[in-house]
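As you go down the protein sequences, you meet chains A and B in turn. Mapping the first sequence onto the working numbering, position 252 (from 1) lands on 252, and the numbers just tick up by one. Every number in the working numbering is 1000 more than the matching position in the second sequence, counting from 1.
Only true hints are included.
Result set (DSSO-like, lysine-lysine): computed pairs, CA atoms no more than 30 angstroms apart in a straight line:
1. K1118/B with K21/A
2. K1178/B with K21/A
3. K1118/B with K1177/B
4. K236/A with K226/A
5. K1177/B with K21/A
6. K1177/B with K1192/B
7. K1178/B with K1192/B
Hints are computed from structural coordinates only; laboratory data are not their basis.
Residue strings, one per chain:
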Amino acid sequence: MPLATQTNGYVNCYMLRYILKRLLLVLPIFFGVSIIIFIIMHSAPGDPVLNLIGESPNAAEEYQRIMHSLGLDQPLYIQYLTFLERFFQGDLGRSIITHERVWEEILARFPRTIILAVAAMGLAIGIAIPAGVVSATRQYSIVDNLSMTVAIFGISMPSFWLGVVLIYIFSFRLGLTPMSGIGGVEHLILPAITLGALSAGMLARLTRSSMLEVLRQDFVRTARSKGLSGRVVVYKHVLRNVMIPVTTTIGQRFGHLLGGSMITETVFGYPGLGSLLVRAASQYDYPVVQGVLLITTLTTVLVFLVVDILYAYIDPRVSYE
Amino acid sequence: MKSLRSLYRPGSEMRTIVTMLKKNRFGIGGLIVVIAFLTIAILAPFLAPYDPIEMHLDKRFVPSSSEFLLGTDEFGRDTLSRIIYGARVSISISVTTVAMAMFVGVLIGSISGYYGGKVDFIVMRFVDIFNAFPALLLALGIITVLGRGIEKLMLVLPILFWPEYARITRGLALYLKKMDYVEAARVFGSSKLRVVLNHILPNVLPTSIVIGTFQLGSAIITETSLSFLGLGVNPPMPSWGNMLTNSREYILRAPQLAIIPGMVITIVILGFNLLGDALRDALDPRLRI
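Pulled out of the complex, with its shape left as it was, chain B reads as follows (with noise of 0.2 angstroms):
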C-alpha cells in the first residue's frame, strides 16, 4: 500500500493532496464543482430571487425569461430558487449520513480488525448481512415503517452506508496491526483500545475521507432516488429528486423541468466522483472503488 509509506511522516497526506490535486486537472475541476455546490447550498436564502414553495397560479410552466430565470413548474414555482433551496436539502441529508456512517464504521471497523477472533467473526458476519441487502430496497422497508421526510432520511441513510466504511477499514487495520510501530506501541505497555485510538485511526483516515467524498456523492443519488419515488423529503419542500416525480406527465410541455435538476444532479455527482478520483490517486492507489 502506497499511502501507507508516508504513515512515519504525519502531516504529509495533506501537502501529498495539494501536489496531486495540482497536477490534475480533472480533481480541480470537481473541487470547483463541490465548492460552488456547498457554497450555494449555504448561501441559499441570499441567492434564491423567489421563496421556493411560493405558487404563482397565473405563471404555470413559464418557459425561462428574464422574470423566472429557469422558468416555473406545474404549480408555477420558480425552478431556480427550488434548485438552489434543494442544494441544501441534498448536502444536510448527505454531509449527515456520511459523518454518521464514517463515524460508526470505522470506529467498528478498527475494533473488528484489531481485536480479531471472535469480534471480528462477530462483526464481518453483521457487515455481511447489512451487505446482502440491495441498498435501496433496505432504505424502503425502513421508510415503510419509519415514515417519510428529511429527518428521517438522515437515520435510514448511514444504515447503508457504514458497512463499507467498517469492511474496508478492517482491511486496514489487519494491515496496520503488523506494523513495528503498533507492535511497539503494545510491548511498551499500550492497552488495545489506546492503540486503536492513537494509532489505528489516525492512519484509516486518508483512505476514509477518500470514501467519503464517493460516499457523498451516492448518498446525494440515494436521497434524490427515494424523493423521486415519493418516498423521500415530503412536498412541498424542494428536493432535486422530488422535482422530476410528476415531470413525465409533463414532458411534451415543459422538457426542461425534467432537463435541468437532472443535469444539476448529474454535475454535482460528477464534481465528487472527479474529486474522488483524484484523492484516492494522491492518497491509496490501490483501493478499488
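Isolated chain A (complex conformation) (with noise of 0.2 angstroms):
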C-alpha cells in the first residue's frame, strides 16, 4: 500500500506541474487575443465621440471633455488595462443599436451555441470514428469506398448550401422538421447535421489513415502472431494509438464548431452566439462584436487546455516535462 501511494503522489505531482504549465502557455495566448481584438476594434473608421456630441456651439470643450470621461484620452495601453478590467468586471458594454448589455445578450445566447455545438460534434464522432475504424479494417471494400466518398462531400459541400438543401428536403418537401427557431431536440437535427458534416468528414479521414499507419506497426503483427484475435488488436491496441490523432483534431474542430455555427445559425434562425455575431458585423455594432469574438476565442482556448491535458491521460508517452 504505501508503495502505491507513493507511486501515486510522484505521478500527480508531475501531472500537476504539466497541468500549470500548460496553464502558462495559456496566458499568453489570452493576453494574445484580447490584444488583437482590441486592435482591431480600435482600429475601427469612425469617431464615436464626434457622434456623441453632434453640432454643439462649444464643441472643442465639450470633445476634450467627453474623451477625458470615457478615457479616450489615455495612453492605448491605460485603454488596454481598462478594457481587461472591465471584461473581468462581466462589463462589456451596450449595444450600439439595441442598447442591451452585451455581457447579458451573450450570456443568454451561449449556452444555446454550446448545445448546437455539442450536438454536432456527438453527432460527427459517433459516425465518424465507427466509419473510419471499419473503412481501415476493410481496406478497399464496398464500405470502405462508400464511407470515404461521404466523408470527402462532407468536407467539400460548404455548409451554407447543405442548410439550404436540408431544410428543402426535410422541411419543405417532406414536411418532417421545423425549418427554423429553437424548441425540442427536432430543431437542432437538421443544424446538428450542417455544422457537423466537416468535423465528420475530416474525423472520418483522419482516424481510417491514422489506423492504417499504426496497423502497419511491428506491434501490431507481434500480437496478431502470439494469437490475439483481430477484434482484441484493433479494440486494445490499435485503436488506443488512434485516439491520440484524433483527440487533437477533436478538440480543434470544437474552436472551429464555434466559428462555423454563425453559418448555420443564420441559415436556420438559431438565435444563438453566431447568429448575433453576424447581426452585430453587418449593422457595425462594435461592443457586440468584441464581446462575442473575445467570449468564443476564449472558450476555443480552454477547449485547447483541456485536450491538451486529456492528452496526458490518453498518451502515457506524453512526458510532464
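Hey, can you piece these two chains together into the complex? The hints should help.
Below you can see the structure in the form of C-alpha cells.
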C-alpha cells in the first residue's frame, strides 16, 4: 500500500506540474488574443465621440470633456488595461443598436451555441470514428469506398448550401422538421448535421489514415502472431494509438464549430452567438462584435487546454516535463 | 518522411507527381475539374452569354430554357453568366490568399525552425495565438472594421491561412536542419539566412504545394461563406456565396437558384480536395491534412 500511495503521489505531482505549465502557456495566448481583438476594434473607422456631441456651440471643449470621461485621452496601453479590467468585472459595454448590455445578451445565447456545437460534434464523432475504423480494417471494400466518398463530400460541401438543401428536402418537401427557431430536439437535428458534416468528414478520413498507419507497425504484427484475435488487436492496441491524433483534431474542430455556427445559425434562424455576431457585424455594432469574439475565442482556448490535459491521460508517452 | 528520400535528386518531384497522378484516377478527375474551373474563370467574358449584373425585370425566376440555360434569379439576371463570373471572383481571391499565405508562412516557418531558440519560441506563440481564433470569427471581426469587398477579402484571408504554413514548414525545417548536407553547408561557411534560402526553402516546396492545393479549396469556401452572410463580395458583383443569400425566401418558387451555385462550389472544392489527396500521396504521404 505505501508503495502505491507513493507512486500515486509521484504521478500526481508531475501531472500537476504539467497542468500548471499548460496554464502558463495559455496566459500569453489569452493576452495575445485580447490584444488583437482590442486593436482590431480600436482601429474602427469613425469617431464615436464626434457622433455623440453632434452640432454643439462649444464643440472643442465638449469633445475634450467626453474624451476624458471615456478615458479615450489615455495612452493606448492604459485603455487596454481598463478594457481588461471591465471584462473581468463582466462589463462588455452596451450594444450601439439595441442598447442592451452585451454581457447579458451573450449569457442568454451562449448555452444555445454550446448545445448546438456539442450536438454537432457528438453526431460527427458517433458516425465518423466507427466509419473510419471499419474503413481501415476493410480497406478498399465497398464499405470503405462508400464511407470515404461520403467523407470527401462532407469536407467539400459548403455548410450554407447543405443547410439550405436540408431545409428544402426535410422541411419544405417532406415536412418532417421545423425549418427554423429553437425548441425540442427536432429543431436541433438539421442544424447539427449542417454544422457537423465538415468535422465528420475530416474525422473519418483521419481515423482511417491513422489506423492504417498503426496497423502497419511491428507491435500489431507481434500481437497478431502471438494469437490475439483481430478484434482484440484492433480495439485494445490499435484504437488506443489512433485516439491520440483523433483527440487533438476533435479539440481543434470544436473551436472551428463555434466559428462555423455563424453560418448554420444564420441559415436556420437559430438564436445563438453566431447569428448575434452576424447581425452585429452587418450593423457595425462594435461592442457586440468585440464581446462575442472575446467570449468565443476564450472558450476555444479553454477547450485546447482541456484537450492538452486529456492528452496526458490518453498517451502515457507524453512527458509531463 | 518518404518525400525527403528524394532530397538528393533535384527535379525528381515532378516525375513522382506525374507517375503517381497517372495511377490515381481520382487525382486525374480532380485535376480536370481544377483546370476546367481555371479555364472558365479566365475566359469568362467570352463564355458568359449575358452581362452578369444585367437585369431582365420582365423575366424574373425564369426556369432553364434555351434563352437562359440555367434560368434567371429574382432580378432576372442570367444564372449561368453569374456562375461563370463568380468563378473569376472566387479564383482571384483564393489564388491571392494562398500566394500571400504561402510566402509569409513558409518564410516565417523555415526561419523559426532553422534558427530555433528565442526566435522560434516567439514565432510559435504568434502561431498559437492565431490558431486560437476560430477562422471565420477573426475574419468577421476584421471585416467589421475594414469593410466589405473583394480587395478587403484578399487582405483578410491570408491572415487566416498563413499560420498553417508556418506550423508545418517549421516542423520540416527542424527535421532538415539535422540533415548532413545542411550541416555541411553551415560548416563550409554559409550564413544561416543563406542556408534557409538555398537548402530549407526548396525542400519544403513539395509539402507547400500539397497544403496550397487544399487551401485553395478552403479559401473558396471561406469567401463564399462570408459572401453568403453578406459580409464578403458586395452585390451586385456575383459570388457563388451571395447567389445563395436570399435563396431561402424563393426556395419553393425556384429551388434551382439555391441548388445550382451550391453544386458548382461542391464540385470545384471536391476537385481541389481530390487533387490535394493525390499530390499528398505522391509527395508527402505522412502529412496529415
